[in-house]
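Trainee: All residue numbers for the sequence shown refer to this note's numbering, where the first residue is 62 and numbers rise by one.
Errors might be hidden in some of the hints.
Stated by the list, open to error - Derived pair list, reagent style SDA-like, types lysine to any residue, alpha-carbon separation capped at 25 Å: (1) Lys359 - Ser784; (2) Lys399 - Leu455; (3) Lys366 - Ala97; (4) Lys627 - Leu455.
Unchecked claim - Cβ pair distances, simulated, as ranges: (5) Lys366 - Ala441: 51 to 59 Å; (6) Leu107 - Gly339: 18 to 26 Å; (7) Tyr142 - Arg817: 25 to 33 Å; (8) Tyr142 - Gly240: 23 to 31 Å; (9) Gln178 - Arg747: 54 to 62 Å; (10) Leu107 - His736: 47 to 55 Å; (11) Gly339 - Gly466: 20 to 28 Å; (12) Leu107 - Gln178: 38 to 46 Å; (13) Gly466 - Gln178: 42 to 50 Å.
Just so you know, the hints here were simulated from the structure itself, not pulled from any lab data.
Nothing here was measured: the structure is a model prediction, and the numbers come from that model.
All residues carry an ideal CB built from backbone N, CA and C; glycine is no exception.
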Amino acid sequence: MRAVPLLAALVISLAAATPAAAVELRSGGIEARVQADPFGLEFVDLSDGDVMKTSSGGRLGPLGYAFDLRQAALNNAVFGYYAGTEAETISFRAKRLRSSRTDGGALVLDVATDDPQGHRLEVRLEPSAEGAITVSSKIAAGSGPLAGRASLSGASFEAAGGERFLGFGGRSNAVDQTGGRVFNWAEEGPYGAGDYDDELKRYAPEFTFPTGPTSANFPLAWNVTTRGFGLLIDQTQRSYFELGSPWEASAEANEFRFTAFAGPKPADVVRRYSAYAGRQPKAVPWIFGPWFQPTSEKAEFELAKLFRSEDVPVSVAQTYTHYLPGGEHRGKEAAERKRVEGYHDLGYKITTYFNPHISRDYQPVYDQAAQRGQLVKTRAGTPYTVTNPFTRDLQVSEIDFTAPGGKELFGRLLDDAVGAGYDGWMEDFGEYTPTDSQFSNGKDGLEMHNQYPVDYHCASTEHSGAKAPAVFIRSGYHGVQRCARVVWGGDPTEDWSCTDGLCAAIHQALNMGLSGVAYWGSDIGGFHAIANPRTSDELNIRWLQFGAVSGVMRTQANGYSVRGDKSARSQVWNKAVLPTWRRYSKLRTQLYPYMEAASEEYQRSGLPISRQLSLAYPDDPASARAQTEFMFGPDLLAAPVIQPGARKRQLRLPPGDWVDFNRSTSYRERDGSLHMDLASVQPGGRDVTAEAPLGELPLFARAGTVLPLLPAEVDTLADDIGSRKGLTKLKDVRSTLGLLAFPRGTSSATLPDGERIKSIEKPRGRGWALRIAGKRSRIWFLEASTATLRKTFRPRCVKLGRRVVPKRKWSYDAGKRELHVRFRAKSATLRATQKRCRPAKKRQRRRK
């Protein structure tokens, strides 16, 4: 981790050997204070004085260790699920500070415990980033016969009243994990029981097949609290959170390492953590366009052509030639290039498929990698061979990215797809490392299991980088964020459930956002149908609506069913679904400037695109508890429908004034454009029921929102491809931008590239002004509601700067209270007033 000695101030006020001395360590906005007797640690947020304290309660509080029996099963590799034997034995806890000393920028403590054999703890505190301090604790060498042999280490902390625990990476079961147990181990996620799920919960409420409700492909041993603190278990071994009062964090290791982060608000905590872990590489524009998966076509490009003819703006096509594990592309190189060229001509970027396995049948690649020691090994030193879980007869080995040449081997294999012209790929798996495997760096599978997806995906990003922007991953652990170009939520169940279905996907989106991931999308429609029917049209429609307000809108067309009834699955091109697919693809594409501005904000501050409400409304406890509604960017609140048959949606409107987006705008079917309608304002800070007909996503805008929109005719957000006649690309509309404005009071909006807009309501109904600070001249198409103003008025004069806008370039609909203005400007102020324009004074010619 990064040391930041310049940001830290180390203060020891008395002699280091004096236990009663006040011992403090500061790193930017956080200060650690050591309590001597009884021993304890306090982490003080210096901006508001709030304190996160260790607790002497709990099994391991304030710091402790145990010698529990914890034995992983051998050959533990099926879907990455952990199997093993666990039994609690004895544990010991820190009791008293014996002495302290400095070591460079770090503070090292010698701490007595209640262990009758006299083992002591060596506790090390050091600044790790601005506003973050890392603590490590282990049995001091030489202090007893069992030093270095603890099987579990951890810490306990006090929980404040009403404090909620959020984050934790890609968990599907909930956003708020307060009161539960969360384990951190990368593996396949849970499986829903379909129609039987609710019945099973009656008898086994904590059971979710196969390893529990918090299992995840992308776990993070990370939490952010609604009080404004964050804690990362900063190591790769299997670890746990017990989120009661007190709450406990622990890891299956003889040393416990955690990093504490200051706030003071949850958004500040996420900012600090995402800077520490690293933020995702910035997404290129076409990542934000809709994605689709062609399948069951009678002729190649059939669906791609259908969407163009039906005016559905789609930017990415997902295909799945398995370049790994078996080199499926061999002998088909010409066909691969032709496929890529075909989609590019139609304006689609295109992806393919990789995973980190190499099949024994992929020769000579496999044998060469084995001879060079570039495959993960058994304890006997031979390549560790497992059966690919999805192709039972295929024997595969994982690439060892710690071995000399391992990263380079993977890079050469990726180059096959890059050379064919692909723009990215699904980078699948990464969770399957066996616990008894051995790596070239000397570590075993237990320690490397969670680290493996980090090494895997970072090797890919370091090699292919900007050459393949659309690489989407499902597995991860702390530190992979900086290498995660796009994340998808794994393989969900084709149902509505909060276990692994649509509801669970919303949970995961918000958890990932709280964990420093912005470019995230789900398998729209789900993937698995094991104990349930295939995706229905209604479920597909509702999932599409959620996808439209996710970081990435990516559809799924195939999936897996025990019954093998692929034809029963709803598809986006079905007659009942296509209108919704078009409507929300249109909305998604028109919202590109809004999403791009949110993406730029993420790069600056770590705020995700899909924001759990505690990030925007930290002082409203009811909003902070919301689990299935969220802010999409800074100004839109989305509440996807998650119940079959529902045509209304109960939700929390946070404090402030809001506008029902669906009731205040109209969708023009002819061209898919959005327009202002008669708007009305409703107060927030309360629970409301929104209308939710099947074709509509419940969506609200903050009063004061100015929403930038692309013209509706855009077909693709990919600019550098597409030879098809009549194709409208992003670059074709760079000189025009629409604005939907719901002015109220004073508000501001950010456009891409740092351009800004400010909306200013004049007092007592005297008028309204829109101030634009742009970097390029463009034509603006403004539609603004005067009904959302605190005091409405009828505009009689519109000026751009000092110049009167001719009446032919603006209009006002008194019935709908809509102002429409067309104007060209770079940086200017548009003013609408109730008073009539004064006629311009004629300049008198000066006599000579």
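Trainee: Against the earlier hints, flag every one the structure doesn't satisfy and list their numbers going up.
Mentor: Going through the list in order, the structure violates hints 2, 3 and 7 and respects the others.
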